[in-house]
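J.: Please model the complete structure; the sequences and the hints are all you need to start from.
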Amino acid sequence: MGFVASHSSHSLSSPHSSLQLSSSSSSSSSWSKSTLFSGTPLSFSPPTGQKAQTIKRLVLFSKRVSPLEEAMRIRRERELQKTTKFRKRPPLRRGRVSPRLPVPDDIPKPPYFGSNELPEISSEHQIHDSEGIVKMRAACELAARVLENAGKLVRVSSVNRFGLGWEPLFMLVNPFYDARLEFFSQSVGISDALYQLQGVSSLHMLVMLPSVTTNEIDKAVHQMIIDAGAYPSPLGYGGFPKSVCTSVNECMCHGIPDSRQLQDGDIINIDVTVYLNGYHGDTSKTFLCGNVSDALKRFVKVTEECLERGIAVCKDGASFKKIGKKIRGLVSHEHSSSLSSLLYEPVLD
Numbered sequence: 001m002g003f004v005a006s007h008s009s010h011s012l013s014s015p016h017s018s019l020q021l022s023s024s025s026s027s028s029s030s031w032s033k034s035t036l037f038s039g040t041p042l043s044f045s046p047p048t049g050q051k052a053q054t055i056k057r058l059v060l061f062s063k064r065v066s067p068l069e070e071a072m073r074i075r076r077e078r079e080l081q082k083t084t085k086f087r088k089r090p091p092l093r094r095g096r097v098s099p100r101l102p103v104p105d106d107i108p109k110p111p112y113f114g115s116n117e118l119p120e121i122s123s124e125h126q127i128h129d130s131e132g133i134v135k136m137r138a139a140c141e142l143a144a145r146v147l148e149n150a151g152k153l154v155r156v157s158s159v160n161r162f163g164l165g166w167e168p169l170f171m172l173v174n175p176f177y178d179a180r181l182e183f184f185s186q187s188v189g190i191s192d193a194l195y196q197l198q199g200v201s202s203l204h205m206l207v208m209l210p211s212v213t214t215n216e217i218d219k220a221v222h223q224m225i226i227d228a229g230a231y232p233s234p235l236g237y238g239g240f241p242k243s244v245c246t247s248v249n250e251c252m253c254h255g256i257p258d259s260r261q262l263q264d265g266d267i268i269n270i271d272v273t274v275y276l277n278g279y280h281g282d283t284s285k286t287f288l289c290g291n292v293s294d295a296l297k298r299f300v301k302v303t304e305e306c307l308e309r310g311i312a313v314c315k316d317g318a319s320f321k322k323i324g325k326k327i328r329g330l331v332s333h334e335h336s337s338s339l340s341s342l343l344y345e346p347v348l349d
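At position 166 of the sequence shown the residue is numbered 166 (the UniProt record's numbering), and the sequence of numbers has no breaks.
Treat each hint with caution, since some may be false.
Stated by the list, open to error - In silico SDA-like links for lysine to any residue, alpha-carbon gap of 20 Å or less:
hint: 1; residue 1: Lys321; residue 2: Glu305
hint: 2; residue 1: Lys326; residue 2: Asp316
hint: 3; residue 1: Lys135; residue 2: Arg145
hint: 4; residue 1: Lys285; residue 2: Ile267
hint: 5; residue 1: Lys297; residue 2: Gly151
hint: 6; residue 1: Lys301; residue 2: Glu148
hint: 7; residue 1: Lys109; residue 2: Gly238
hint: 8; residue 1: Lys285; residue 2: Asp258
These are computed hints drawn from the structure, not numbers from a lab.
T.: Written as structure tokens, this is what we have:
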């Protein structure tokens, strides 16, 4: 706010009244007769002459600059998104581990059940007869089926669909047909709802969306395994407290399911092992959660290539050493120290 001094006198009506600046009639007509210091805006007459031309040029310049300024703002926002989209994630923190889930008494248990100790591994090579091979294949097929359905589990959010107040929304996606199957559960648990859709084999989930907890995955896997008459092999093995291994981000393997929710940008390996008819079937797969960085995508792709190369070596008479050599060659080429540290296991040497 500007002030114009005049030769007229200034007066105060009282010590506690509002301070006023009184201007005489000889003052410029562009000012009001009385202007309060408390913030009343000054009234100006329309500019004329050179001043008006200057203001007009400023307005035109402002109009020309506005689109450029907006473009620069958009560019800054995009650059900020690029730098923050895959920002360094905080270290993985352990959540709450819930109690072990019960296994029905009528389901056959492995020898280590109830001991919480690691069983001794026989040094003798086992030669399986045709019946044993059939049982072994059945255990592996069950494990693969459970893993496939565990990967389909996507908890989107709690919703109030059509005003019914049904609580969680689940979604199975078939990316090939661009089909989406949604269903709701008011009283049925996550594992029950997931198990009921086991037969929908044509639907598969390539990307796991965030928000599901690994505890919920464990519960779903546990229920599917015992419903098939099998035992979840990890449960109690060396004291392991859960029925499946869920390894998130820097947890490379044998992670314990807990209450932590999967976050956008996570990767998770789900390792399913079942004990059926005296044989263990073991399988695992790594799933991407939401927007995953290119580096992690490449990491997952290399591990899948390692698996395929290892499988290609497997045949009658092939040694475990050849499997390890084939995989290690690819890992060395990709310069992945994290993978190399895992692959130097005795079984591959």
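J.: Does Asp258 sit within 20 Å of Lys285, going by the straight-line distance between their CA atoms?
T.: holds, 19 Å
J.: Are Lys109 and Gly238 close enough, with their CA atoms no more than 20 Å apart?
T.: Holds, at roughly 14 Å.
J.: CA of Lys135 to CA of Arg145, is that 20 Å or under?
T.: holds, 15 Å
J.: For the pair supplied as a hint, Lys285 and Ile267, confirm whether the alpha-carbon distance does not exceed 20 Å.
T.: holds, 10 Å
J.: Between Lys301 and Glu148, does the CA-CA distance stay at or below 20 Å?
T.: Distance ~18 Å between Lys301 and Glu148 Cα, so the pair holds.
J.: Please verify whether Lys297 and Gly151 have alpha carbons no more than 20 Å apart.
T.: Measuring from Cα to Cα gives roughly 17 Å; hence the hint holds.
J.: Hey, Lys321 versus Glu305, does the alpha-carbon distance stay inside 20 Å?
T.: holds, 18 Å
J.: Are the Cα atoms of Lys326 and Asp316 separated by 20 Å or less?
T.: holds, 17 Å
Checked against the numbered hints above, the structure breaks none of them.
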